[in-house]
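Got chain A sorted already, so can you dock chain B onto it with the hints?
Line order of the protein sequences matches chains A and B.
When you line the first sequence up against my numbering, it's residues 67 to 538, in that order.
When you line the second sequence up against my numbering, it's residues 207 to 414, in that order.
Each hint should be verified, as a subset may be incorrect.
[Claimed, not checked] Listed below are several chain A residues computed to face chain B (Cβ distance under 10 Å; list not exhaustive): (1) 198; (2) 203; (3) 292; (4) 344.
[Claimed, not checked] Below, a sample of chain A positions facing chain B; criterion: calculated Cβ distance under 7 Å: (5) 204; (6) 260; (7) 262; (8) 266; (9) 340; (10) 343.
In short, the hints are calculated from the structure, not lab data.
From the three backbone atoms N, C-alpha and C, an ideal C-beta is built for every residue, glycine too.
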Amino acid sequence: MAYLAQAEIEVIHERSLTVLERVGVRVHHEPVRRLLLESGARPADGDELRVLIPRSLVEAALQACPGEVRIGDRRGNGPAVLRPGAPPLFWTGNALYRSDGKLRRELVSEDFAALVRLIDALDAVDGMVGTSLADYPSAARDFVGFRIMAENTRKHLRPCIYTARGAQLILEMGKVLAGGAPLGVNPIFSLGYSIVSPLQWSATALELMQVSSGHGLPFMINSEPLAGGTTPVTLAGCLVVANADALSGVVITQLLEEGRPVIFNLGFAHVLDMSSGVALTGAPECALLQGAGAEIAAFHGLPSAGWMSTESCVADPQAAYEKMLVGLSHLWGGVNVIWGVGNLETTLTISPVQAVIDNEICSAIKRIAAGIEIGEETLACELIEQAGFAGDFLTSEHTRKHFRREIWHRRLPNRVKREVWESRGAPDLVERAQSVVAEKLNGSPEGCLTPEQASELLAIQRHGLRELLGGA
Amino acid sequence: MYEQMHRALFDGDREALEELVRRALHAREPRQVLEEGLLRGMARVGQAFKEGELFIPDVILAANAMKAAFALLRPALGDRPTYHRGRVVIGTVRGDLHDIGKNLVSMMLEGGGFEVVDLGVDVEADRFVAAVREQAPDILGMSALLTTTMPEMARVIDRLEKEGLRSHVAVMIGGAPVSEAFAREIGADAFGANAAEAVDKALALIGN
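Next up, chain A with everything else stripped away, as it sits in the complex (with noise of 0.2 Å):
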């Protein structure tokens, strides 16, 4: 393990497991309260919203939850597999700005219509994340954007949910997506929240997790701590708050559907600035905490994510190097989604450029993790022997059978010599990658939808702005 031993990481989940009982979860929902006390959790005196939370009610739900899970898509190719262990997957991340420049803009549907298509184009990039529709209200944003996504790529889906109907409005899109077959045997859509970090469920989280219960549905669990803000500021601290947050999460989860795929997500943790008082996203420790939130997913036998996000508000070496920095730790820690393609300035914004760009990043990082196949055919000590000292191997089959695989192949970073990189303007990254955005933007959308569907997801979103607005 890269960050943790064993026995460290039995210790901070200890010490969760007594955090969990001594100082309990805040449930503001009282159903849910409810249902945690009738199943074994404890009252707390002089705090009706406080649940106690006993270990064995923390073994039986991290039993109950499978170590597998599926991650769908529209490509026909099946769905990965999530399990720890297994190669990162990609996705971008939510938003509420768009970055043009040096500027930011309100991302409305349109903007956002163009990023999906963007991203569909991005071949490391496995899936496509909601985010703010400044054009459309609060309310409505998770829906009408799903919507947009469908239409635009066939990757996976994660809508960011404002209200719990906006998930059900969502679910009834994705069983027209899906066809008539169950949501959860190739889940091309899956759903997500965040505690509030130290160890609060807000009714809004609640009500998606018990809405979208009953469908085989993946739930991402999101632990967001804040290390000195939320949080003890010793990241150790910070484990063990962060562990006993998600862990409550398996709980419900378990409690509301019993065998819900879960992934245990440590990899939104932050630390404070202690200058600006910003929550940072791309610091080393971001990569510390989230590497090791992946092991103890991994120790619980769940699958896990992280971002790879920055603080930089354009995109530049700051971004590049803070995500590669935090998204190759990933790979080390282990973890298994790997969120936040063409984030910038803390997840705030986002930037067609900087997903160009990470689209690199996440190409390479899975090229590291494709790692160094060894066999007869790959060592090759045939072709060594023949070749002897003329040392060409350029010319030989072998090497036209396999380079594809081993050398990796981009087009993006710049790769030739000065005078040919200047006979082509000399352009730097970012101009190359502002070239990629015009090029993949180019020409008429490819539909992603059938005309039955693309009217069906209509006219639920019609519905549902109706019932919001109101009038015809």
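Chain B in isolation, oriented as in the chain A frame:
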């Protein structure tokens, strides 16, 4: 002696500061102890924070030490025994349980010399309005971390208008998704992008 008080504030050493204030009270004018010892010391702490020499936890400890030392000084100060530059009522809006950003701003405001009345999280518009009426603050601070709860800030401002209280209080808002543009849109007077900026904006609002 004042230099030692400043040092104690820099170190966040409450006990040392209290001891120094006790000793000073035998020999010096209490108003001078307050101004030269405590207030000047806090101003230096604020400056050191801006320059990156001190960090947020240092400022919070200094503010706590200042509060304790002031309690010793208060009986000797006679009329209007306050060192506060202004009063702020603060809270996280209804539907939002996020605490830390608001707490950070509260603590930094205290460090900056404000008296802070913290209403907590998930605060209904009625409670904000009642607190403005009862506490007569210079500033009302509202925080939100969720885009879904941001509109609640506009609702509180509307309620203040309706109750005829809006002109009596400056409204300052903050929180990760909140922006300057949003503040303008809903008619708030200021937006603090972070806790340190919130203090500067608050000082500007009360004319300092």
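Hint check results:
1. Proximity of residue 198 of chain A to chain B holds as hinted, the smallest CB-CB distance being about 6 Å (cut-off 10 Å).
2. The beta carbon of residue 203 of chain A is positioned within 10 Å of a beta carbon in chain B (closest approach about 9 Å), and the interface hint is therefore held.
3. With its C-beta approaching chain B no nearer than about 6 Å, residue 292 of chain A sits inside the 10 Å limit, and its interface hint holds.
4. Nearest Cβ of chain B to the Cβ of residue 344 of chain A: about 7 Å, under the 10 Å cut. The hint holds.
5. This hint holds: residue 204 of chain A has a C-beta 5 Å from the nearest C-beta of chain B, less than the 7 Å allowed.
6. At about 10 Å, the closest approach between the beta carbon of residue 260 of chain A and any beta carbon in chain B exceeds 7 Å, and the interface hint on this residue is violated.
7. At its closest, the beta carbon of residue 262 of chain A sits 5 Å from a beta carbon of chain B; the interface hint therefore holds under the 7 Å criterion.
8. Residue-level restraint check for residue 266 of chain A holds (minimum Cβ-Cβ distance to chain B is 6 Å; threshold 7 Å).
9. Taking 7 Å as the C-beta cut-off, the interface hint given for residue 340 of chain A holds, the closest approach to chain B being about 4 Å.
10. Interface restraint check for residue 343 of chain A: the shortest CB-CB distance to chain B comes to about 4 Å, inside 7 Å, so the restraint holds.
The structure fails hint 6 only (numbered hints given earlier).
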